[in-house]
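2 protein chains.
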Amino acid sequence: MQAMESIIHKYDHKRISLVEAGVTRHRSIFNGLKALAEDQPNSKLSKPEVVIIHDAVRPFVEEDVLFKVVTAAKEHGAAGAIRPLVSTVISPSADGCLDYSLDRARHRASEMPQAFLFDVIYEAYRQCSDHDLEFGTECLQLALKYSHTKAKLVEGSPDLWKVTYKRDLYAAESIIKEKISQEICVVMHTKEEKEHVGHLLEQVLKNELNHVKVTSKALCHAGSDFQQIILEQCYNFVCVNVMTPDFQESKKLLSMLEGSNLSILYPVVVVLVHFFDFKLVPLSQKMESLMWIKEFAKEVKKRNILLCGLLMNYSQDEQKLQESLREGAIIIAALVKERNSGLVGQLLIA
Amino acid sequence: MQAMESIIHKYDHKRISLVEAGVTRHRSIFNGLKALAEDQPNSKLSKPEVVIIHDAVRPFVEEDVLFKVVTAAKEHGAAGAIRPLVSTVISPSADGCLDYSLDRARHRASEMPQAFLFDVIYEAYRQCSDHDLEFGTECLQLALKYSHTKAKLVEGSPDLWKVTYKRDLYAAESIIKEKISQEICVVMHTKEEKEHVGHLLEQVLKNELNHVKVTSKALCHAGSDFQQIILEQCYNFVCVNVMTPDFQESKKLLSMLEGSNLSILYPVVVVLVHFFDFKLVPLSQKMESLMWIKEFAKEVKKRNILLCGLLMNYSQDEQKLQESLREGAIIIAALVKERNSGLVGQLLIA
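Each protein sequence line maps, in turn, to chains A and B.
With the first letter of the first sequence counted as 1, position 35 gets the number 48 in this note's numbering; the numbers rise by one all the way through.
With the first letter of the second sequence counted as 1, position 281 gets the number 294 in this note's numbering; the numbers rise by one all the way through.
Keep in mind that a hint or two might mislead.
Copies of the same chain look alike in the list, so a pair counts if it fits in one copy or across any two.
Computed cross-link-like contacts, DMTMM-like style, restricted to lysine to aspartate or glutamate with a CA-CA straight-line distance of at most 25 angstroms [stated by the list, open to error]:
| id | residue 1 | residue 2 |
| --- | --- | --- |
| 1 | Lys333 | Glu301 |
| 2 | Lys315 | Glu221 |
| 3 | Lys315 | Glu336 |
| 4 | Lys47 | Asp143 |
| 5 | Lys311 | Asp290 |
| 6 | Lys350 | Glu221 |
| 7 | Lys81 | Asp132 |
| 8 | Lys60 | Glu76 |
| 9 | Lys163 | Asp112 |
No lab work stands behind these hints: they were computed from the structure.
No experiment lies behind these values; they were computed from the predicted model shown.
All chains, full assembly: derive it from the sequences and hints.
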């Protein structure tokens, strides 16, 4: 209960009530329903028309399927998400041999979320046996057996699967990382004369990462535009600096990000790009002047912002420029994709 | 067929015969069985006692479960791997409502591999109907129905799951990456007086990455020891260089890796660590002298070797030394875990 309360507090949730779990799935759900019922002592919540039941182990539930099961529950009394079977289902005999196998096409996997008219599911739980509460796994079955309600079945998305094994945690992590890597915002300083190289980088990013939405913003519009980007939940920023070693603008963006709540849920990646001609200024000299990024990155990491530096060759030689832009785009893609905090503060070279 | 032939050629497989697939699962399996049967014209293969049927979409099959199904098939005529059901299975009625739900505890998911006495499964396929060949999904069912053989069911591991959705590809990638990240070999030069700092790094790696096996080798034993490490399929090498900028030994290791077949299946990560006192030698100067790593990394990347440089502070100040060792271990862990080719050739600083 304490862990849950601290999560509710951390993410500033307002409309969540906690109820203690039971020792089995059905006992936990029954406890939740009791907290909403009118006939229970000390009930502080009001009885809803429709109630949704969901598993925390299915983190990727979309609003769309919630809407569908609720609408179907209003009409049919009960509704649940289903998925096609991936493997054939069989029944073993007592000696561990095949008894019979089911026709895969005629069966489905029952998933969550499910929705019910409150009275339908509450009555079902009130009437069901101890054996049901101990060993049952299917709420739709209780509604059928005790409330005589045939649930409507709604096709769910593959993302509704149950995070069960270690591989499912891997998959969940990758799905989240993919989701927050779909947009990169290239931030430029409008006052710079040579801002066009930022647009070149934007173009190469678009070409190299064709599944990613690449947008650009000028920092002078910071006030409104950035609030917008943060609201739209862009988790990746590339700040372009040309020639001058003035990072005040980039620092402004970072403090804006720190001030927002964007990085509460997921880490935000910020790449500080510095364009200069590798032939005119020794690379080592530039690196020396950018060593502050390492310490600075440690600071912002505390707020879940992953900061890296990237030196790019603003060469007069068109071919070298293009090569550097392409390598830079690949490095940015790697940083955005992996989001590994072990590499914060590094100065990378394209 | 061409794609499969080129794979067989690339990985130098000797005992694989290709058979053309049919339009359904059962037709493909039947084609495979015909290629092994004696009563078929032009058969070049000899009939086996036991045949194993497996799905390519289950890439993580262990020898152990193959052994179990083959042994059980010899005794029972047929055997297959099963897993507990993750979701309850239901049957929908024609109007898309719940007809009935199955008791989850009394059913199992039928997985692969399966094994059969050749005659049992071949006869089953010869007798089964066109409807079976078109719409069936379960070989164990064919053996039961047409050869009256009750398959023995063998508990499989969770890794036998079917790579079906995008999330399964993510999971498969992570499982492979985890598997090849379980061992890191720290390579030191015995002729160096100050080799002990390499052992310090080894110790910190052991502490920070407690699920990883960290071993160390001295490069003078290269001949036999490295052949051994390569045979044991270690995919991660940390080469420690102290003070002197002589990378001949590290290059020797790299050419040994290039000469081996180790990186055919998976990329090999090599981190060239350079220890020196950041106070005595300017970091930028050292970086300048190590810029060759960038070009060199591009070369070895062609052989699927991912090379990075890592500069570590061999400080007299014990606290600074420890901090650098810890940061270095975290960077090495990130490079080994992510195995992202976008970061090859970079010089990282711990």
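Copy assignment of Lys81 with Asp132, given that the CA separation must stay at most 25 angstroms: Cα proximity of Lys81 and Asp132: one copy only (19 angstroms, versus 51 angstroms across).
Checking Lys47 and Asp143: alpha-carbon separation at most 25 angstroms within a copy, between copies, both or neither? Within. Shortest intra-copy distance 16 angstroms satisfies the 25 angstroms Cα cut-off; inter-copy 54 angstroms does not.
How do Lys163 and Asp112 come out at 25 angstroms by Cα distance, when the copy is not named: within, between, both, or neither? Classified as between: cross-chain Cα gap 7 angstroms, same-chain 29 angstroms, threshold 25 angstroms.
First find the shortest C-alpha distance between Lys60 and Glu76 inside one copy, then the shortest across copies, and answer within, between, both or neither for a cut-off of 25 angstroms. Within one copy, since 22 angstroms is at most 25 angstroms while 56 angstroms is not.
How would you classify Lys311 and Asp290 at a CA-CA limit of 25 angstroms: within, between, both, or neither? Classified as between: cross-chain Cα gap 22 angstroms, same-chain 28 angstroms, threshold 25 angstroms.
Using 25 angstroms as the alpha-carbon threshold, which applies to Lys315 and Glu336: within, between, both, or neither? between (34 angstroms within a copy, 18 angstroms between copies)
Up to 25 angstroms CA-CA - Glu221 versus Lys315, copy category: For Lys315 and Glu221, only the inter-copy Cα distance (20 angstroms) is at most 25 angstroms; the intra-copy one is 31 angstroms.
With 25 angstroms as the alpha-carbon cut-off, assign the pair Lys350 and Glu221 to within, between, both or neither. So Lys350 and Glu221 pass the 25 angstroms test inside a copy (13 angstroms) and across (24 angstroms) alike.
At most 25 angstroms between CA atoms: does that hold for Lys333 and Glu301 within a copy, between copies, both, or neither? both (23 angstroms within a copy, 19 angstroms between copies)
Of the hints listed earlier, there is not a single one the structure fails to meet.
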